[in-house]
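As a plain string of letters, each chain reads:
There are 2 protein chains.
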Amino acid sequence: MKILISNDDGINSLGIYALAKSLKEIGDVTVVAPITEQSAVGHAITMKAPLRVVEHYINGEFFGYAVEGTPADCVKMGIRNILKSPPDIVVSGINHGSNTAINIIYSGTVSAAREAAIMDVPAVAFSLTSHISRDFSFAAKIAQDIVKEVVKNNLPLGTCLNVNIPAVPENEINGVLLTKQSKSKWDDIYEERTDPYGKSYYWLTGSLVEVDDNLETDQFAIKNNYVAVTPIHFDLTDYKTYEEMKKWNIERKFVE
Amino acid sequence: MKILISNDDGINSLGIYALAKSLKEIGDVTVVAPITEQSAVGHAITMKAPLRVVEHYINGEFFGYAVEGTPADCVKMGIRNILKSPPDIVVSGINHGSNTAINIIYSGTVSAAREAAIMDVPAVAFSLTSHISRDFSFAAKIAQDIVKEVVKNNLPLGTCLNVNIPAVPENEINGVLLTKQSKSKWDDIYEERTDPYGKSYYWLTGSLVEVDDNLETDQFAIKNNYVAVTPIHFDLTDYKTYEEMKKWNIERKFVE
Numbered sequence: 056m057k058i059l060i061s062n063d064d065g066i067n068s069l070g071i072y073a074l075a076k077s078l079k080e081i082g083d084v085t086v087v088a089p090i091t092e093q094s095a096v097g098h099a100i101t102m103k104a105p106l107r108v109v110e111h112y113i114n115g116e117f118f119g120y121a122v123e124g125t126p127a128d129c130v131k132m133g134i135r136n137i138l139k140s141p142p143d144i145v146v147s148g149i150n151h152g153s154n155t156a157i158n159i160i161y162s163g164t165v166s167a168a169r170e171a172a173i174m175d176v177p178a179v180a181f182s183l184t185s186h187i188s189r190d191f192s193f194a195a196k197i198a199q200d201i202v203k204e205v206v207k208n209n210l211p212l213g214t215c216l217n218v219n220i221p222a223v224p225e226n227e228i229n230g231v232l233l234t235k236q237s238k239s240k241w242d243d244i245y246e247e248r249t250d251p252y253g254k255s256y257y258w259l260t261g262s263l264v265e266v267d268d269n270l271e272t273d274q275f276a277i278k279n280n281y282v283a284v285t286p287i288h289f290d291l292t293d294y295k296t297y298e299e300m301k302k303w304n305i306e307r308k309f310v311e
Numbered sequence: 056m057k058i059l060i061s062n063d064d065g066i067n068s069l070g071i072y073a074l075a076k077s078l079k080e081i082g083d084v085t086v087v088a089p090i091t092e093q094s095a096v097g098h099a100i101t102m103k104a105p106l107r108v109v110e111h112y113i114n115g116e117f118f119g120y121a122v123e124g125t126p127a128d129c130v131k132m133g134i135r136n137i138l139k140s141p142p143d144i145v146v147s148g149i150n151h152g153s154n155t156a157i158n159i160i161y162s163g164t165v166s167a168a169r170e171a172a173i174m175d176v177p178a179v180a181f182s183l184t185s186h187i188s189r190d191f192s193f194a195a196k197i198a199q200d201i202v203k204e205v206v207k208n209n210l211p212l213g214t215c216l217n218v219n220i221p222a223v224p225e226n227e228i229n230g231v232l233l234t235k236q237s238k239s240k241w242d243d244i245y246e247e248r249t250d251p252y253g254k255s256y257y258w259l260t261g262s263l264v265e266v267d268d269n270l271e272t273d274q275f276a277i278k279n280n281y282v283a284v285t286p287i288h289f290d291l292t293d294y295k296t297y298e299e300m301k302k303w304n305i306e307r308k309f310v311e
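Chains as they are written, first to last, in my numbering: chain A, 56 to 311; chain B, 56 to 311.
Bound-form chain A, shown alone (with noise of 0.2 Å):
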């Protein structure tokens, strides 16, 4: 089984090394991330610049591909021009820190994984819900496990998979659920500073504004210990208002 790996944290990350280490126990593992934290960078892609690839080394050996760029950038690279031909899956994280509800919408880590799913290669994006532990062992277990049942069960082309993974002890995570997109938001807040010369700048701090009440979704099921297994695509339209909006009279022929 052939794996890309990626990620937003940077390729020196400790979640990016847990993952590799845990999946080249099951496949022939190439890492293409990001040299530079690229954290909310969402589905960012480098354009009006050009792109740098250089090997990354830890202790000496050779570790994968450090790419001046996105996660998203990374995928696109890895798939053409890295690898001689496209991966079996490419898989993206551990990201420090959660990304579920709309966190999926800002999230680099989860820009990587539906990269690769927009050009027709299965994915999966693994997210540790804590900013400060440095444990992954557990993560990078689960990510195995999950890992292997994609490729078993062919995931849909156009579908990846944003995988949650409770900061807790092992012996404290009460399960593996599937779940949807919570519909939890940030109240964001733009704390006002003053620099040294008398001018003001801004830092985005805020809180998520919880509103689910069961398992199904994301963000409930990772606060009741559960790792939370969400399908996601990047087929956006609205079909619902799509439907609704041929009410408005909005459509017009000036020609016929």
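In case anyone wonders, no lab produced these hints; they're calculated from the structure. All C-beta atoms, glycine included, are put in the ideal place defined by N, C-alpha and C. One thing to keep in mind: the hints can contain errors.
[To be verified] Now the in silico label distances, taken between C-beta atoms and shown as ranges:
{"id": "1", "chain 1": "A", "residue 1": "Arg-307", "chain 2": "B", "residue 2": "Glu-306", "range": "47 to 55 Å"}
{"id": "2", "chain 1": "A", "residue 1": "Tyr-294", "chain 2": "B", "residue 2": "Ile-113", "range": "34 to 42 Å"}
{"id": "3", "chain 1": "B", "residue 1": "Arg-248", "chain 2": "A", "residue 2": "Asn-114", "range": "52 to 60 Å"}
{"id": "4", "chain 1": "A", "residue 1": "Glu-110", "chain 2": "B", "residue 2": "Tyr-294", "range": "40 to 48 Å"}
{"id": "5", "chain 1": "A", "residue 1": "Val-223", "chain 2": "B", "residue 2": "Lys-196", "range": "56 to 64 Å"}
{"id": "6", "chain 1": "B", "residue 1": "Arg-307", "chain 2": "A", "residue 2": "Asn-269", "range": "13 to 21 Å"}
[Said to hold, decoys possible] Quick look at which bits of chain B chain A covers, simulated, 3 or more residues with Cβ under 8 Å:
{"id": "7", "region": "150-161"}
{"id": "8", "region": "228-238"}
Fit chain B to the known structure of chain A by using the hints.
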């Protein structure tokens, strides 16, 4: 009517100027846009760096607020900090270049509108299907019409419209159609070059592989000189695959 305008081409672009001029005829316009071009940034937000906001003048006259950030940053900052209360509508564009098909995923213009939808504010993104044309006159006129329709008809919360306008003379426009996101995708190529120091670098290029054959898709509609209006949302859950995956036996509960 209170209107917040943003874009991804930057506050100094011709498209945002034409849009602001047109919408000032029907409402109270505030412009909050990136200080530099932010094409293809997707739904990136700035979290690891502070944001700065400066007033932007055209011919000595105040035009709007320039943000050292992404389109999504501008909408968040505009709604949370610059305006005293939420606008009636957020309008993004007019983008130089089409945002149909898979480009919806990569587009900063569309992400600005989507960020507004996330914040429960109605929103529309407008794109002119040319990177070259400097004539935004028809696009600015149709934008005014569509903004009026959106406010009149109460777009559902969480949905925004993605509007693409063919870059042809007004008398060649065949009409306005409700559309869906086309499944056309890019065949990416990384063009390799060598810098003066002997190191390789890569430019992303490629062509859109068009798979559409009916006017219900945005890409086919614009190719046939129709304005394409696609409702989009931010629930990325693939509900069909969610149901299919119930047969996978991936779910497990370790405790009862």
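field: Arg-248 of chain B versus Asn-114 of chain A beta-carbon gap, inside 52 to 60 Å or not
entry: Violated, at about 33 Å.
query: Residue count check for the region 150-161 of chain B against chain A: does it reach three with CB-CB under 8 Å?
result: Held - the region 150-161 of chain B has 4 residues with a Cβ nearer than 8 Å to chain A, which meets the minimum of three.
task: Using the Cβ atoms, figure out if Arg-307 of chain A sits within 47 to 55 Å of Glu-306 of chain B.
output: 49 Å, holds
- prompt: Is the gap between the beta carbons of Val-223 of chain A and Lys-196 of chain B within 56 to 64 Å?
  reply: At roughly 57 Å between Cβ atoms, Lys-196 of chain B and Val-223 of chain A fall inside 56 to 64 Å, so the hint holds.
- request: Determine whether the Cβ-Cβ distance between Arg-307 of chain B and Asn-269 of chain A falls within the hinted range of 13 to 21 Å.
  value: 18 Å, holds
message: Taking beta carbons only, do three or more residues of the region 228-238 of chain B come closer than 8 Å to chain A?
response: With 9 residues close enough to chain A, the hint holds.
task: With respect to the beta-carbon atoms only, verify the hint that Glu-110 of chain A and Tyr-294 of chain B lie 40 to 48 Å apart.
output: The hint (40 to 48 Å, Cβ to Cβ) holds, given that Glu-110 of chain A and Tyr-294 of chain B are roughly 42 Å apart.
query: Lying within 34 to 42 Å: is that true of the beta-carbon distance Tyr-294 of chain A to Ile-113 of chain B?
result: The hinted range 34 to 42 Å holds for Tyr-294 of chain A and Ile-113 of chain B, with Cβ atoms some 41 Å apart.
Hint 3 alone, counting from the list given before, is not met by this structure.
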